[in-house]
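Novice: Take a look at the letters that make up each chain.
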Amino acid sequence: MNTKRINFVEDFTDCPGGRLRVTSEHSGEAFREDVLLPALNDNDRVEVDMNGAFGFPSSFLDEVFGKIVDNKGLAFFKEKVEILLDDDPISLIEINDIVQKHSKRK
Amino acid sequence: MSNKYLKYRKKEFLLLNQRRIEKQHIIRRKKKYSGDAKRDYLPSSRLTRPEPSRKLRTKNPLSKKIITIPRVFSLAENSDETLLFFSDLRDAVFKKRVSEILIDHSAIGIIDPPAALMLISETMRIRVCAPRCVLSCKLAEDSLVAELLEKLDYWKMYGYRRNHNSELNEQLVMKATNNFTLPEVVKNIIVDFSDCCTFSVPQKKMLFKGIVECMDNVMSHAYPSKFKRMWLKQQWWLIAYKNRTERKISICFYDHGLGIPGTIRTRLRDNLILLKRSDEDIIKEAVMSGCYSRTKLETRGRGLPKLYDIIDGTEFSGELSLFTGNSHCRFNEYQEFFPQRLTNGIHGTLITWNLFPKNEH
Chain X
1 MNTKRINFVE DFTDCPGGRL RVTSEHSGEA FREDVLLPAL NDNDRVEVDM
51 NGAFGFPSSF LDEVFGKIVD NKGLAFFKEK VEILLDDDPI SLIEINDIVQ
101 KHSKRK
Chain L
1001 MSNKYLKYRK KEFLLLNQRR IEKQHIIRRK KKYSGDAKRD YLPSSRLTRP
1051 EPSRKLRTKN PLSKKIITIP RVFSLAENSD ETLLFFSDLR DAVFKKRVSE
1101 ILIDHSAIGI IDPPAALMLI SETMRIRVCA PRCVLSCKLA EDSLVAELLE
1151 KLDYWKMYGY RRNHNSELNE QLVMKATNNF TLPEVVKNII VDFSDCCTFS
1201 VPQKKMLFKG IVECMDNVMS HAYPSKFKRM WLKQQWWLIA YKNRTERKIS
1251 ICFYDHGLGI PGTIRTRLRD NLILLKRSDE DIIKEAVMSG CYSRTKLETR
1301 GRGLPKLYDI IDGTEFSGEL SLFTGNSHCR FNEYQEFFPQ RLTNGIHGTL
1351 ITWNLFPKNE H
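Chains as they are written, first to last, in this note's numbering: chain X, 1 to 106; chain L, 1001 to 1361.
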């Protein structure tokens, strides 16, 4: 089984923010399209190490993980994505909440 | 005389009048660049930012108005008079379309940074949206007031620079304005605040999320394109300052947008006459409970609760103050809510956090 590890701070930025690419350089849309989706397409499983960042605004998380659940489904997300976030438990709870709400919406 | 001839004469007269005004503007600018900065009445220069497509023409090219800023120019202590000043200024520029406005700063004795931030943003808006309106100023006499405005680069907008040596109680940490979400600015604020107080990791994260969320709300919701208004699209203004004596940090964020009630009042029950809730109630629900978004989606509306999360008592104590539309809402760490209806509304949303870090206080 092919697993890829994404180091969020090294591969993207330490201060993410913004929902869309048109309004922010390090937006959720940019991370999803440029980093996460290519990794998901090429690998069986992706570990996203999100430790070390300054913080994750809700709109950023919603755009990244909510859209993946919307487009690919909850089963795909649970099977392929693992999030490592030890230094920000609030954001981790928020990611789980976003994933749950988007899966219900679908 | 034929009608055609009269029309021709009228057109010629208007053209001459226009040229005369332009000539006056050029003379004023030349005076400024030649170093004639001793006068208190200083001419304005245009900003380099691209102008919006809709330009405002002055109704009466010879009209002049003097608008005096109140002695207590503060949103915390004298919100009525402070907002009345801004309302008068907007009225003169955008409704009466006065061609020359003198803003008299000489009476100001007390100023607070949020009011100063609003003054800067309003001046910027007038320069860009109403370039034909000539703004000039009478300088502030109080040295502390002058210094605060100097530090915020306000006098520079009138082509004037002063040097001050007095020590301000409110020490400016950061000022920024942009029409893009810039998380790097927030990172720098947190790094700069570290001189006066040591933040824990959750405190840093809390601040970061709250302020970046404000920026993103401005990008996504504050300036809806279906409204054609005299605003600088997606522009936000931010200042961060610390009070050395009180060991307090403050962050103030402002935009000229539609305001929180204007953007989230999309539900049917909020618009029916009998069931209609007040703006303050809607703001309270959106800020404290969340999931109250313009989009009406269950997955949205997470941004506004982040504003309150900062002061919820876990990492910081203090107060969140929200001026938006005709409402002023204050929230404290004990989940108490203090609504107030404003006589003179505010254009956009002004968010201020006055914070005492828990490990510091």
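For the record, the hints were derived by calculation from the structure and aren't laboratory data.
Don't take each hint at face value.
As the list claims (entries may be wrong) - With a Cα cut of at most 30 Å, we get these calculated DSBU-like pairs of lysine-lysine: (1) X/Lys80 to X/Lys104; (2) L/Lys1228 to L/Lys1095; (3) L/Lys1204 to L/Lys1096; (4) L/Lys1226 to L/Lys1095; (5) X/Lys67 to L/Lys1226; (6) L/Lys1276 to X/Lys67; (7) L/Lys1204 to L/Lys1064; (8) L/Lys1248 to L/Lys1276; (9) X/Lys67 to L/Lys1175; (10) X/Lys101 to L/Lys1065; (11) L/Lys1064 to L/Lys1233; (12) L/Lys1096 to X/Lys101; (13) X/Lys104 to L/Lys1096; (14) X/Lys104 to X/Lys78; (15) L/Lys1248 to L/Lys1156; (16) X/Lys72 to X/Lys4; (17) L/Lys1096 to L/Lys1007; (18) X/Lys67 to X/Lys78; (19) L/Lys1004 to L/Lys1065; (20) L/Lys1228 to L/Lys1284; (21) L/Lys1226 to L/Lys1276; (22) L/Lys1204 to X/Lys67; (23) X/Lys101 to L/Lys1204; (24) X/Lys78 to X/Lys101.
Said to hold, decoys possible - Every beta carbon over 12 Å from chain L, so not counted as near; a handful from chain X, in silico: (25) Arg5; (26) Leu40; (27) Ile83.
Claimed, not checked - A partial selection of chain L residues facing chain X, derived with a Cβ cut-off under 7 Å: (28) Lys1007; (29) Glu1213; (30) Lys1226.
Cβ atoms here follow ideal geometry from the backbone N, Cα and C, with glycine treated the same way.
Novice: Take the hints in turn and mark each one as holding or not.
Specialist: Each hint, compared with the structure:
1. X/Lys80 to X/Lys104: 19 Å, holds
2. L/Lys1228 to L/Lys1095: 15 Å, holds
3. L/Lys1204 to L/Lys1096: 46 Å, violated
4. L/Lys1226 to L/Lys1095: 21 Å, holds
5. X/Lys67 to L/Lys1226: 26 Å, holds
6. L/Lys1276 to X/Lys67: Violated - the C-alpha atoms of X/Lys67 and L/Lys1276 are around 34 Å apart, more than 30 Å.
7. L/Lys1204 to L/Lys1064: 49 Å, violated
8. L/Lys1248 to L/Lys1276: 38 Å, violated
9. X/Lys67 to L/Lys1175: 34 Å, violated
10. X/Lys101 to L/Lys1065: 55 Å, violated
11. L/Lys1064 to L/Lys1233: 28 Å, holds
12. L/Lys1096 to X/Lys101: 50 Å, violated
13. X/Lys104 to L/Lys1096: 53 Å, violated
14. X/Lys104 to X/Lys78: 14 Å, holds
15. L/Lys1248 to L/Lys1156: With a Cα-Cα distance of about 28 Å, the restraint between L/Lys1248 and L/Lys1156 holds, given a limit of 30 Å.
16. X/Lys72 to X/Lys4: Within the cut-off at roughly 19 Å; holds.
17. L/Lys1096 to L/Lys1007: 26 Å, holds
18. X/Lys67 to X/Lys78: 14 Å, holds
19. L/Lys1004 to L/Lys1065: 36 Å, violated
20. L/Lys1228 to L/Lys1284: The hint holds at about 28 Å.
21. L/Lys1226 to L/Lys1276: 23 Å, holds
22. L/Lys1204 to X/Lys67: With a Cα-Cα distance of about 27 Å, the restraint between L/Lys1204 and X/Lys67 holds, given a limit of 30 Å.
23. X/Lys101 to L/Lys1204: 27 Å, holds
24. X/Lys78 to X/Lys101: 14 Å, holds
25. Arg5: 23 Å, holds
26. Leu40: 21 Å, holds
27. Ile83: 16 Å, holds
28. Lys1007: 47 Å, violated
29. Glu1213: Holds, because the Cβ-Cβ distance from L/Glu1213 to chain X comes to roughly 5 Å (cut-off 7 Å).
30. Lys1226: 18 Å, violated
Violated hints, listed in ascending order, are 3, 6, 7, 8, 9, 10, 12, 13, 19, 28, 30; each of the other numbered hints is respected by the structure.
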